[in-house]
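2 protein chains.
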Amino acid sequence: MPQTVETKAPPIDAKIVNPFVTAVRDVFQKMVGVEATIQKPYLKMEAKTTHSICGIIGFSGNITGSVVLSFSNSAAMKLVESFAGMKLEIGTPDFADAVGELANMVAGTAKRNLGGLASISVPSVVIGDGFAVASMSSIPCLVIPCTCSYGDFAVEVSIKKH
Amino acid sequence: MPQTVETKAPPIDAKIVNPFVTAVRDVFQKMVGVEATIQKPYLKMEAKTTHSICGIIGFSGNITGSVVLSFSNSAAMKLVESFAGMKLEIGTPDFADAVGELANMVAGTAKRNLGGLASISVPSVVIGDGFAVASMSSIPCLVIPCTCSYGDFAVEVSIKKH
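Top line first, the protein sequences correspond to chains P and X. Per our numbering, the first sequence starts with residue 1, numbered consecutively. Per our numbering, the second sequence starts with residue 1, numbered consecutively.
Hints may be right or wrong, so weigh each one.
Stated by the list, open to error - Subject to a maximum C-alpha distance of 25 Å in a straight line, what follows is the list of computed SDA-like cross-link-like pairs (lysine to any residue): (1) K160(P) <-> T64(X); (2) K48(P) <-> N62(X); (3) K160(P) <-> K87(X); (4) K87(X) <-> I139(P); (5) K78(P) <-> T64(X); (6) K160(P) <-> S119(X).
Keep in mind that the hints were calculated from the coordinates and are not lab data. Note that the structure is a prediction, hence the values are computed from the model and not measured.
Please work from the sequences and hints to get the whole structure.
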């Protein structure tokens, strides 16, 4: 039974992490024009997103679960500006669309890398402090911390391949 | 072009609302044991969820978009207790699973009522004050406010049939 007990070396499945690492590097390089540096992935032990601006994508089909692209406010502002080619205010529909589209591209690219017959949902974008995104407790959540010249972000991957 | 301009009588598509109204009534009656009263649906004009505990389900296939089941804290506590058959604390994985499962059943039932070939994602559960769930700006979001003896909740439907 998986439990959130103290453990120094949780198991990280490279077959799940690597497609997302490649996807983040590709999407951020091609679409935002920045090099993303990937840090050591870890297993999330609490139901709290890493940063306060999140694009959430659901997977269904033979991959189920969800993927959250989570940004700090300042990173999101700069990344969105570079991606959209103009400054967009947090809280506007265009800003949410841009965050959602980044999440969509990372999830879509990773889906192809994963090689499964899955569909991905349109993104939901959640903005605010003090909220938590909890995925299903039966699927562990891997956090892939990333950084780039615009600031920090993370990809939280909570999927299962069938 | 759809824009969030002042309008007293926004268009509400009964073909989209009715499957959710039926789904909410069915699921809450059968699975929670309460009668849900449905109030007048309205078009959401701001990117803010109606209540602070949300189960989000993504749709893909020939229905795209997302559906959010949004509860007040007190309604969620009582509904989850009745649904799960035991008291669960907000913030625990079991509580999030129960909220997610309610969202999943409402979305799944509505999907069958809608008659489309769509997949629904596993739920993401977001808990906290002061957050906003923004869906794609190209799809209007209909809020269906609901009430029952345990308190208030709402179904926020932001989907498009292709």
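K87(X) paired with I139(P) [C-alpha distance capped at 25 Å]: holds (23 Å)
Please work out if K48(P) and N62(X) have their alpha carbons no farther apart than 25 Å. violated (32 Å)
Holds or violated: are the alpha carbons of K160(P) and K87(X) at most 25 Å from each other? violated (29 Å)
Restraint status (C-alpha distance of K78(P) to T64(X) at most 25 Å): violated (29 Å)
Going straight from one Cα to the other, do K160(P) and S119(X) come out at no more than 25 Å? holds (16 Å)
For K160(P) and T64(X), compute the direct alpha-carbon distance and say whether it is at most 25 Å. holds (22 Å)
Consistency note: the structure conflicts with the earlier hints numbered 2, 3 and 5.
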